[in-house]
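Student: Heads up: the sequence lines are chains A and B, in that order. Heads up, the first sequence is in the working numbering, so the first residue is 1 and it goes up one at a time. Heads up, the second sequence is in the working numbering, so the first residue is 1 and it goes up one at a time.
Calculated directly from the structure, the hints in this document are not laboratory data. None of these values were measured; they are calculated from a predicted model. Ideal Cβ placement from N, Cα and C applies to all residues, glycine included. Treat each hint with caution, since some may be false.
[Unchecked claim] What follows is a set of in silico ranges between Cβ atoms, one per label pair, in the way DEER data are often shown:
1. B/L325 x A/A308: 30 to 38 Å
2. A/I157 x B/V22: 37 to 45 Å
3. A/W160 x B/E32: 26 to 34 Å
4. B/I96 x A/A308: 22 to 30 Å
5. A/A308 x B/I443: 41 to 49 Å
6. B/Q40 x A/L137: 55 to 63 Å
7. A/F110 x B/V22: 53 to 61 Å
8. A/R90 x B/S419: 43 to 51 Å
9. B/A88 x A/I157: 19 to 27 Å
10. B/A279 x A/G238: 37 to 45 Å
11. B/A279 x A/L266: 58 to 66 Å
[Claimed, not checked] Here are some, though not all, of the chain B residues that point toward chain A, as calculated from beta-carbon distances under 8 Å:
12. P27
13. V45
14. G61
15. L62
16. R64
17. H402
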Amino acid sequence: MEVDLGVLVVAILQAAVRSGTPILFVCIGEIYAERSGVLNVGLEGMMLVGAIAGFTAGFTVGNPVVGVIVAAAAGAAFSLIHAFVTITLRADQIVSGLTLTILGTGISGFFGKAMIGQVGPGFDKFAVPGLAKIPVLGTVFFQQDAMVYLSYVVVPIAWWVMYKTHLGLAIRSVGESPATADSLGVSVTRIRYGCVLFGGAMAGVGGAYLSLAYTTMWIEQMSGGRGWITLALVIFAGWNPARAALGAYLFGGADALQLRIQAVGLDIPTYFLMMLPYVLTITILVLASRASLRRRLGAPAALGIPYAREER
Amino acid sequence: MNVLTGIYLPEAGRIKIWGEPVQLRSPKDAIERGIGMVHQEFKLVQTHTVTENIVLGLGSGLARVGEEEARDKVAELSERYGLAVDPAAYIWQLSIGEQQRVEILKSLYRGARILLLDEPTAVLTPQEAEDLFTTLRSMREQGHSIVFISHKLDEVMAISDRVTVLRGGKNVGTLMVRDTNPQALSNLMVGREIKFETFPKPEKRGAAVLEVKGVSALNDRGLPGLTGLSFEVAAGEILGFAGVAGNGQEELAQVITGLRGVTAGSLIVDGRDMTHAKAREFILNGVSYVPADRHGVAVVGDMSLTNNSVLRRYREKKFARGPFLDFSVAADYAKRLIEEYNILTPSPETAVRSLSGGNLQKAILAREMTTRHKLLVVMSATRGLDVGATEFVRQTLNEHRHEGAAIVLISEDLEELRSLSDRIAVLFHGEIMGIVDAATAEIESLGLMMAGAKQAEVTG
Chain A
1 MEVDLGVLVV AILQAAVRSG TPILFVCIGE IYAERSGVLN VGLEGMMLVG AIAGFTAGFT
61 VGNPVVGVIV AAAAGAAFSL IHAFVTITLR ADQIVSGLTL TILGTGISGF FGKAMIGQVG
121 PGFDKFAVPG LAKIPVLGTV FFQQDAMVYL SYVVVPIAWW VMYKTHLGLA IRSVGESPAT
181 ADSLGVSVTR IRYGCVLFGG AMAGVGGAYL SLAYTTMWIE QMSGGRGWIT LALVIFAGWN
241 PARAALGAYL FGGADALQLR IQAVGLDIPT YFLMMLPYVL TITILVLASR ASLRRRLGAP
301 AALGIPYARE ER
Chain B
1 MNVLTGIYLP EAGRIKIWGE PVQLRSPKDA IERGIGMVHQ EFKLVQTHTV TENIVLGLGS
61 GLARVGEEEA RDKVAELSER YGLAVDPAAY IWQLSIGEQQ RVEILKSLYR GARILLLDEP
121 TAVLTPQEAE DLFTTLRSMR EQGHSIVFIS HKLDEVMAIS DRVTVLRGGK NVGTLMVRDT
181 NPQALSNLMV GREIKFETFP KPEKRGAAVL EVKGVSALND RGLPGLTGLS FEVAAGEILG
241 FAGVAGNGQE ELAQVITGLR GVTAGSLIVD GRDMTHAKAR EFILNGVSYV PADRHGVAVV
301 GDMSLTNNSV LRRYREKKFA RGPFLDFSVA ADYAKRLIEE YNILTPSPET AVRSLSGGNL
361 QKAILAREMT TRHKLLVVMS ATRGLDVGAT EFVRQTLNEH RHEGAAIVLI SEDLEELRSL
421 SDRIAVLFHG EIMGIVDAAT AEIESLGLMM AGAKQAEVTG
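Using the sequences and the hints, build the whole thing.
Tutor: Rendered as structure tokens:
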């Protein structure tokens, strides 16, 4: 059988954007949290909470848009735990984040029992008039679902706010040198709370993409490690929302590629292919764990460090 | 200072600005009243540009930063006051002097009419200090008020119109600069005629305890930090090391306590070759160390005074019960140190982090001095301590010298070096510029050597 290579490549790229979108949402949120100095490794848990909350709401009301809004609210509410524990109580951010992952997995599993086997409303693909006709790019980017289009709007706004507004300047300063920001009347606590909650909301939306667009059902632990992949992606993106899009599609591409190669039936064991995105994650994390490289990539200087005034 | 910038609240009295009584409750209040403060340690975000640092906190929410317009205003201000700095540069690219200018610009941008400067020249080169003075004069011409806090009399004489002398938190006199002279000011500062106190020195020196021959070492960045140092310290002698901070002092202290490896030369302590020995072997061979970084290096801040006091010696039989530590012995030991050194602490179980600077230093001295030691390495021992604690530290060092210890005293305080040391060596760029007799050393020639002149050039 002759496979048309051109068609295959376009199909893989289109799938790459689709698989990249959920982690792109999560990544934008985490970039904001980390830029303000709060590491949240509970992405996996927040995604699952968003996925089940979004699916349940969407299923009940019969409208996926309501599902997405509820998912964002649920993610933000869930991340409030992390904000309180790490910002107000100044506890260890890693420990708190891990707790969120475990808790989120448990909660979503518990509330998801009733939803197993149900098929909910979802976002269907539709072509954007005009743009979809551009050769190759039109198919790849503009024959997608509404949430993908939403991400096209979110990314530039996130970038613009981060680099061009006073809010963004305050966020970046709080993550680099909270004492400086504090001395100029910027509230470190408020900025950090805001960023962590935003991160939670975006993780919720990313989770909802999985249960309302990528599939239209709830599967236990359906995030499948995407939260962890996102942590690596934040580093890959150099804490820059625009570069996050590039990275997300790269990871999405790795995911899409392995599915297609399986489908085409190349003689490579499936398990190796399924490992692809995770191998990429581990490689990036290992490289990024070198302190000197972290600095060069632009890791916020105060990342992971609780802030207390006049501490010796 | 902290009261005027709204960090501390005054317990009594009133503050008037432009004739109007005010209450300053937070740094923001002070900024709004037109008070700008330049701290000794700059508050700048290293990875942001000059302009970003200046406008931080001035707008809120989604308002555009408008860097271009802000940049123009910054450029105009720096033009007007002679504060040359590139508004688009990143802070990490700037020299210390330029960073200070950014701090001043930050205040001016916020409309400060009153500028407070805390020891502004401490971190500057002489040329940068001269530039700063030019700026300050131009600000004065343009109607700004400036409060210049310094302990350098010549600077105060050079830049001020009026001078107020503070001693122990009290105003002991305000004078017009043109009506006074440095001598009168220093008398006011100490409250009596300055007596240049020299500690009595032992009649004769003992045998050499520390012999350093041609030692070189790398600094933390892997570059040469010390180059070809050679000197000896004898029993009963204090060898002072003078120099501007960052000229190899830290590396020297670490090399002669075994904390930093040497790349060339040899180290002999009490007749034993210790060139490549570990820190623990130095301790066992009678070397004690009082480091400059009290919180970071000298103690474990979150541990109790008791635990910290046995850190050096916990391996000794005396503190052991089988394979375990004997905490009752350790506690008794700590209590003894507290009494002997008069350390003010709520209890021996208090975390040392919460001790005051003076008491912390006493605790460190107590630990380092109570073991039998042949060589004592002391760095910046009295920095930041009050008069009483300073006196105590100096007395203690002097006593130990008389008991026959060899002491290496590294300090930036020339008066301290001159009053305690037998000889003074001057470090510059990791090299010894010369070693002079403390009794006859002149401040001027020490100063020249600290700036890089060799002893031969100074005296010859």
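Student: Take the hints in turn and mark each one as holding or not.
Tutor: Verification of the hints:
no.	hint	in the structure
1	B/L325 x A/A308: 30 to 38 Å	holds, 32 Å
2	A/I157 x B/V22: 37 to 45 Å	holds, 42 Å
3	A/W160 x B/E32: 26 to 34 Å	holds, 30 Å
4	B/I96 x A/A308: 22 to 30 Å	holds, 27 Å
5	A/A308 x B/I443: 41 to 49 Å	holds, 42 Å
6	B/Q40 x A/L137: 55 to 63 Å	holds, 56 Å
7	A/F110 x B/V22: 53 to 61 Å	holds, 58 Å
8	A/R90 x B/S419: 43 to 51 Å	holds, 45 Å
9	B/A88 x A/I157: 19 to 27 Å	holds, 25 Å
10	B/A279 x A/G238: 37 to 45 Å	holds, 40 Å
11	B/A279 x A/L266: 58 to 66 Å	holds, 59 Å
12	P27	holds, 6 Å
13	V45	holds, 5 Å
14	G61	holds, 5 Å
15	L62	holds, 5 Å
16	R64	holds, 6 Å
17	H402	violated, 35 Å
In terms of the numbered hints stated before, the structure departs from hint 17 and from no other.
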